[in-house]
Amino acid sequence: MAIITPLKTVAEQQLAQQFANAKAELPGAGAMRKLREDAFAGFEAKGLPHRRLESWRYTDLRSLLREAMPLAPRRAVRPHAVADRLALQTIGGTRFVLIDGVFSPADSDQAGLPAGVGARSLAEALTDAADEMAAAFVAPEIARDDSALMLNAAFAGDGVVLEIAPGTELQQPIVLLSLATGQSEAAIVSRSLVKVGAGAKVTVVELHESVGPAPAQINHAIAFDIADGAEVEHVRMVTRQRPETVQVQSLLAEIGAHASFASFALAANCGVLRQQSFLRYAGEHSRAALRGINLLRKQEHCDVTLVMDHAAAHGESRELFKNIIEGEGTGVFQGKVIVRPHSQKTDGSMKSNALLLNDGATMFNKPELEIFADDVVCGHGATVAQMDAEQLFYLMARGLPRPQAEALVLAAFAGEVAEFVTDEAVREIAMREVEAWLAQREAAPKGEAA
Amino acid sequence: MLEIRNLTVKIADEDTQILNGLSLTVNAGEVAAIMGPNGSGKSTLSYVIAGKEDYEVLDGEILLDGENLLEMEADARAAAGIFLAFQYPLEIPGVATMTFLKAAMNAQRKARGEAELLTPEFIKRVNAAADSLGIARDMLRRPLNVGFSGGEKKRMEILQMALLSPSMCILDETDSGLDIDALRIVADGVNALRAKNRGFLVITHYQRLLDHIVPDTVHVMSKGRIVKSGGKELALELEKNGYAAYSEAA
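Chains as they are written, first to last, in my numbering: chain A, 1 to 450; chain B, 1 to 250.
In isolation and in its complexed conformation, chain A is listed as follows (with noise of 0.2 Å):
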């Protein structure tokens, strides 16, 4: 058989190059250099993910890429942006704050950090226990193959390692924010980690922000080792990001018997996105879910796609995620449940819903189902649609303005996805940027939206 060599494109070359100048440099010897090197050994095999592979399909992320952009430096001095938007930041007791995928000491807030609750800095965790770190980089059966992933282990020098102790309950989310400076164009990596002891239960609310003008280009990660029994909440809102950023955000996750993980992921104003998300029930009778609001205008393009892995019996999973979808923008949802063989009582759900608010706009779904145990129950539905008329007549008969009747029932809409946030201070928050998306569309000419 000939052995085909791959033409690597323009920024394939520059982030060999990249990976050449910085691989000395990042964090992490022994065991976690060599991860490093067959990470980026894999990248190369396999380059850029492209729409020929089928779990890329929609998101072509080589050609979407031309240029690498240069790794973002550490920078000495931070704009006021990031100040000003430190100083809006109201939920959770302990913050954790990523500037351009470095940890910030002085901006984080980590005086209220409860007893049971271990934080440190990826890159302290990387220098002093690199082999443990190695351990847990390894990425999961079910994204081995994902080139995007081996580029985040290749490249991830900083992010925050949370540890929780068995039996610990915390009543506060423990909030981490990566904020890009969008001071040059910069390529930003990073990945957290959070492993979760038994019984513990915890809520951890990813923000991920630009507060600068210049685009990014950003693959941040985070990874959860769920022990048994315990409950975790994970919310992620990708928001005010540049028009031309490409973001690739992947969720791993380990679960445990009788645990429960929910996640939670509002998208809005996100430029080019990537949610990959690949949970694994590792012990019985656990249960995940996973939900999502995605709202798209202009050329914006949010890539859902998720595999969850019954690798145990009695594991319980939900998918809900809904698109508000104008201008030319792509939503898009590829939702793979596999059940293994021995994986029996498996109880699996998976919901996708778009609404397309004008001609331009597109939504692709796909749901896979790999069934391999005979006493299962397993769902999915899709719905792509436009706003209901009959539902927008009755509220303007009573007086709205078709734009307020509009936001009236897109904000219901998104709504039921957001009733899933158990924490109502963040519940709050992911309603206020659904409303505030809301307030920056322009009302439909007349006779458009019926």
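Derived by calculation from the structure, the hints in this document are not laboratory data. Model, not experiment: these values are computed from the prediction.
Distance windows between CB atoms, simulated:
| hint | chain 1 | residue 1 | chain 2 | residue 2 | range |
| --- | --- | --- | --- | --- | --- |
| 1 | B | GLU73 | A | ALA22 | 56 to 62 Å |
| 2 | B | THR16 | A | ALA389 | 16 to 22 Å |
| 3 | A | ALA389 | B | ALA245 | 35 to 41 Å |
| 4 | B | MET98 | A | LEU88 | 26 to 32 Å |
| 5 | A | ALA111 | B | ALA96 | 34 to 40 Å |
| 6 | B | ASP131 | A | GLU428 | 28 to 34 Å |
| 7 | A | PHE420 | B | SER165 | 37 to 43 Å |
| 8 | A | VAL138 | B | MET98 | 48 to 54 Å |
| 9 | B | LYS232 | A | GLY379 | 54 to 60 Å |
| 10 | B | ALA195 | A | GLU424 | 40 to 46 Å |
Computed from the model, here is a short list of chain A residues facing chain B with C-beta under 7 Å:
| hint | residue |
| --- | --- |
| 11 | GLU390 |
| 12 | GLN391 |
| 13 | PHE393 |
| 14 | GLY399 |
| 15 | LEU408 |
| 16 | ALA412 |
| 17 | GLU416 |
C-beta atoms are modelled at their ideal positions from N, C-alpha and C, and glycine is treated no differently.
Since chain A is already given, all that's left is putting chain B on it; use the hints.
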């Protein structure tokens, strides 16, 4: 008050003509009933007055106190005083009933240049209106019309009518789906709103509703036109003899 002249309407994007030169006047303080067989265009008439976009007006005009409604969107017509009580009120999941009521009242006030209603005053008004219509407070906390029974939905329509205080009320088959008790509650609610400066257009198949809401005038509609007008005794005659005579006359 409400003047409809030679109204000719077809369904948009289709050739089907529904209203064929309909003319009708409803004066302030008057309760006018429109009766007619299925398919005579009664519901279309109510939708066209309220401003639904599925229709194309080929000819004629609709004036409310001299203002041409056909030039306005549905929300502007509502602010001008039109209220349509729907035959099938829409369920709007995720929109809390109270949020909707407040938004509607304040939108109309804003359109008329009035100050927004403050929350305590709003709640007071809603509670008073709900109590008189036998609407449980718990219903007001639910999403708009979601999971309401047919009777509950109709009562919610009358509640909205009471709160929005329109000058011209159109009731489209409000009696459909109501049992006798619910019919009485709804009719009492409507009767309580009868006033010198307010007109009603009550659309119905049956005489039954008109026993409770006694009209001043009755119009018979057939094939998109008013074919006979008279007093309340006309409704009794229709109940006895049916619509057959008018279908042929049209």
